[in-house]
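Protein chains in written order, with the working numbering: chain A, 1 to 402; chain L, 1001 to 1384; chain W, 2001 to 2380.
For the record, the hints were derived by calculation from the structure and aren't laboratory data. Some hints here could point you the wrong way.
[Said to hold, decoys possible] Result set (PhoX-like, lysine-lysine): computed pairs, CA atoms no more than 25 Å apart in a straight line:
| id | chain 1 | residue 1 | chain 2 | residue 2 |
| --- | --- | --- | --- | --- |
| 1 | L | Lys1109 | L | Lys1093 |
| 2 | L | Lys1093 | A | Lys171 |
| 3 | L | Lys1095 | A | Lys182 |
| 4 | L | Lys1082 | A | Lys182 |
| 5 | A | Lys12 | W | Lys2003 |
Chain residues, written in single-letter form:
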Amino acid sequence: MAKKQASHAHKKNRNVGIVGIGQTEYSSHKEYQNQAEMINEGIRAALADAGLKLSDIDCVVHGNMELFEMVHQPDMWHELGTGAFGKPQFRITTGGTTGATLVCAADNLVASGMYDVVMVIGFEKLQEGHTTGGITNMADPLWFRHLQTGALTATTATRMISEFGEERAKKASMRYRIMMDKHACLNPRAHRRFGLEYDQMEDLMNTSPMLVGELRLIHMCSQSDGCCVMILASEERAKQITNKPVWIRDHITVHREENINIFGLKIPETTHHCAARKLYARNAITDPITYFNVFEMYDPSSWWGLDWLREFFLLKGDEHITMLENGDWDMDGRVPLNPSGGVISTNPIGATAMLRPAEVALQIRGDAGQHQLRHEVRHGLASGFGGTFWTVLMMLEKELGW
Amino acid sequence: MAEYFGSKVEDIFNTMPARFLPQGVAGVDVVIGYDISGEGGGRWTVTIRDATLAVAAVAELPKCSVVLISDPETFVGSALGKIDAAEAFGAGKIKFTGDITAVLNVLPKAFSPFKPVVRAGAIIESMPERFKPEKAEGVNLKIGYDLSGADGGAWTMLIKDGTCTLKNGLDSDCTVTMRMAADVFVGLNTGKIDPAAAFGGGQVKIEGDIMAAGTTAKLFGKFEAAGAQEKKGEELISLKCIPTINQRFATGTHMGKWFAGLKDKRIVGTRCPQCHRVLVPPSEVCAICRVRTDDFVEVGPKATVCLIDTVYYASPDPLSGQVRHTPYAGAYMVFDGGTPYESFAMEINPKDMDRIKPGMKVRPVWNTERSGTFTDLLYFEIDD
Amino acid sequence: MKKVAICAVAQHKIEPDIWYKRFQGMLLEILEDIQSQTGFTFDEENGVHDIVTCSDDVFDARTISDNGMTDVVGAHYRGEEKMAQDGLNALGYAMSMILSGHDDVVYVAGHSKESQGESRNMATNLAYDPFYARCLGFDYLNAAGLQARAYMAKSKITDRQLAQVVVRARKWASRNPNANAREQLSLGDVMYSPMLCAPIRTRHAYPVSDGAVGLLLASEKRAHEFTDNPVWITGFGCCMDRYFLGDRDLASNFALKQASGRAYKMAGIKDPKKTVDVVELMDCYAYQQPMWLEGLGLADDGQGGAFIDASGPASYNVNLSGGHLAGTPLIIGGLYRAVEAVLQLKCKAGEHQAADAECALVQSTTGGAGQFHTVLVLEH
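Next comes chain A alone, as it looks inside the complex:
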């Protein structure tokens, strides 16, 4: 084991473990449930997973993007399904990063000593609203709203083609896409599972309809409905509740200004890169590629996913693409990426960012089923994305005493 360097990480008041994880299936046809019912399905799954009852929960944390379903303060109605009656409750919403933010918030709430067992609910029912309208409404109402069209842009594809050459860049992003689909096919909960094969690469690269520039339909994430629920507990309670708690070591959130000033003559540091270097520095992680056994990244498209690998691991040049070409991000590679299939296959926006730490926790526990990694998973990394290119980054551990 490498010699540990001094860590400047904040001193956590007390440790927090993930003791329960529940998910619904993700699809675009959940007409048979209303929002409260869908949430209730998620919490029952999480409680069952933890072996707990509602009476064991001290506090509920709830979040989604309310303008998608156009329900004002939905946590009030959802009391019917959340089990929050009589309990403290918090609702925090930050757009695409919401799911991850909710886990950070629950971590803060438990670590603070204010609550011992906290249930976190992230969900979305996109078919009940207008998703593109919802996203476009995040833009300034007097100016940018007229320009924005949902979350589609090909600027990353353009830059990568310019940096690495058209053929290599397009092949890499398609290889990434197919890899994600193969993982999704091992995940029975994943929304879209196409059964793509690598020999379709050339064909898809050139025939999948272009949405914007080289961002093609095949590269883009889905719009899914579903709910993810996690239960967090203090160290003392976590050890009573389960023999495999997954510890939240640290988390960081990095936002950027309202104007998306990242497409100019000079490009500022991405929030992904900033979050990674600050998080690793304060935790004395000098070699993230070696340290982490799995990374669940919030990848809204295969172009972004590929580009952000370089950011999150503080790589340079074409290292991330070479690693892809060498299979280093594969399930049996050096740093397995999105064994769940990632966001391109499943994207219930309010829950999507929560699925990332949830899937990492399942890997650490050895409970990921068909998409379980074969090697032991001790150190996990999970990211959330949203807003004007914001990042939430979280470290999870199998054992205490890091």
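Based on these hints, arrange chains L and W on the given structure of chain A.
For chains L and W alone, coordinates are given in the frame of chain A:
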């Protein structure tokens, strides 16, 4: 002929005239080609112009606005809703060449949904299953069905000793023979044609024991089209509601100056007193320095292009539902007098879409009518 | 238990229509005010790393309504999280950020303009389930109307007593330069004002309000860097009641009793009547003042009317700011109440200052007819 989910590829095209919704295609002028290869497939063109429809099966496809390419099973399955069209699309099982928005925006409004075509043969062949032996005590009948026209045929049904058997062909010793066009037979059995009108109007001819003919109806359960049974269980009541709350947004001091500038054909930004970056549009504060920025400066009007986005799929405007004409190009640019990180995004003049490249200089094109609003600045064009 | 301090507070004057500024401009003034009071920075080493905002996406008509505020709350390359319930809960959450060890100093900033949308009731109607209650036309006003009926019957509240609450609120608001509705009213003005949603009269309801607030919170260890006059959060509690109005005993104060019980327990307060010096509560409608006072345990159960007659609100220095009744935007109502309570404890409340304020109680609601309550105990 090959059937998929109980329907044929050609059914979809043959039913288009009946399913056509002229009120949904005002202003549409499009030729959609279909290239369905596989058993039962073929090529068709669907032309919609001046709110009229022309459908033709062709050997070779002519020039089309867009061509849909698929295999018969995927094509029929997605038309019936048995296969998720969006997933098939994403997986490359339905492909397009040409202007995809013609399909995405026109087709849903041009036709009512395809429902499986009910064929006379399917109805006749389901009769033994629908037979109610308890009603047929003492009944001894031989019924001939002579159905003419496309999808027609001849069958003989024997009801005897509480059983019902069916065979192809018309026996000569039928108790009663029913003769009609196949589509009339289908209409009668699906409730679309009134029996009194059909019999009275001479569309149905009965030979032999007319009274026996009258008793056959109660011997069989009602015919349900394939899938109709499932639909009953799955019936969704869907309420669509668009909550609208009118808003009055404040520009505030800084965006107010921005719009005032546009009216005067000026591009106005604010310069940070600390880091000197120029924010366009202007902002009350510099996010990096966290200080007030009240130093208004004029930049441009020309700018240097940094990145270009060519948009093929335009999301509908959430307020109006309108879709922009695609493809269109947007560019990220830095103004003369601006600062390198601070980019501005705006559409490019459609005529320059094919020529525009990073590094080029562009200039604004102003609306002749300006009132200090978003539409004052039309787009940017190449400055040459 | 370790404590968290509120080091400084700032509030934008509450007005019926701040058309001449947008949110960013309003919050910039708040930031500058707090920075001038405390000298706090966003320095990467020892400044603020994380910010908690509070705003309402539906009232703002903007998805991720905090994303337009990033620049002005200092969140560029920092963390920021939006509380989507009444902002008093944001203080409880910010407290947990500090007590957890994740942060030492947290900046809290909230904004809202009720004047932006054409109707508050259309917005709150969207809080009801789309199949039943929404179609019936429920909104927070008529839900409150139902509750007012039930409560007035239980606690024998008269129309005259409600008028007294409003008159008193206006009297105090006139001494608060930041208050919205400062026009003095007579009992008759209130009692003869038309019914808005019976039994709630137009004068019983809080006026449409626009505003913004900010607070700086710090750990016990670092509070002294920002103020020599910290106010401590010693108690926090919140509680959710049932959603369907028919499932609730609307006059029972169930959620508020739970929330205040939790807050008192944390603060070690056994007898609030003896300990609490000043109260800032969220009275959107006049009936809510005596009702929440019962829920807080300062008035006895069912004795709200008698409490008003005995000048209970005056004896507990209730809403010397004018309260929510004088006008505060919904989502940040609790934050304004907290700001006013802090000013009382710091002896900075000017003409509406209570004497010898050592312990303040702050309360707010989220949801229709007080479905969710939050209570904060502040001490000097």
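We went through each hint and held it up to the structure:
1. Lys1109/L / Lys1093/L: Since the Cα atoms of Lys1109/L and Lys1093/L sit roughly 23 Å apart, the hinted pair holds (cutoff 25 Å).
2. Lys1093/L / Lys171/A: holds (20 Å)
3. Lys1095/L / Lys182/A: holds (21 Å)
4. Lys1082/L / Lys182/A: holds (24 Å)
5. Lys12/A / Lys2003/W: holds (16 Å)
When each numbered hint is compared with the structure, no violation occurs for any of them.
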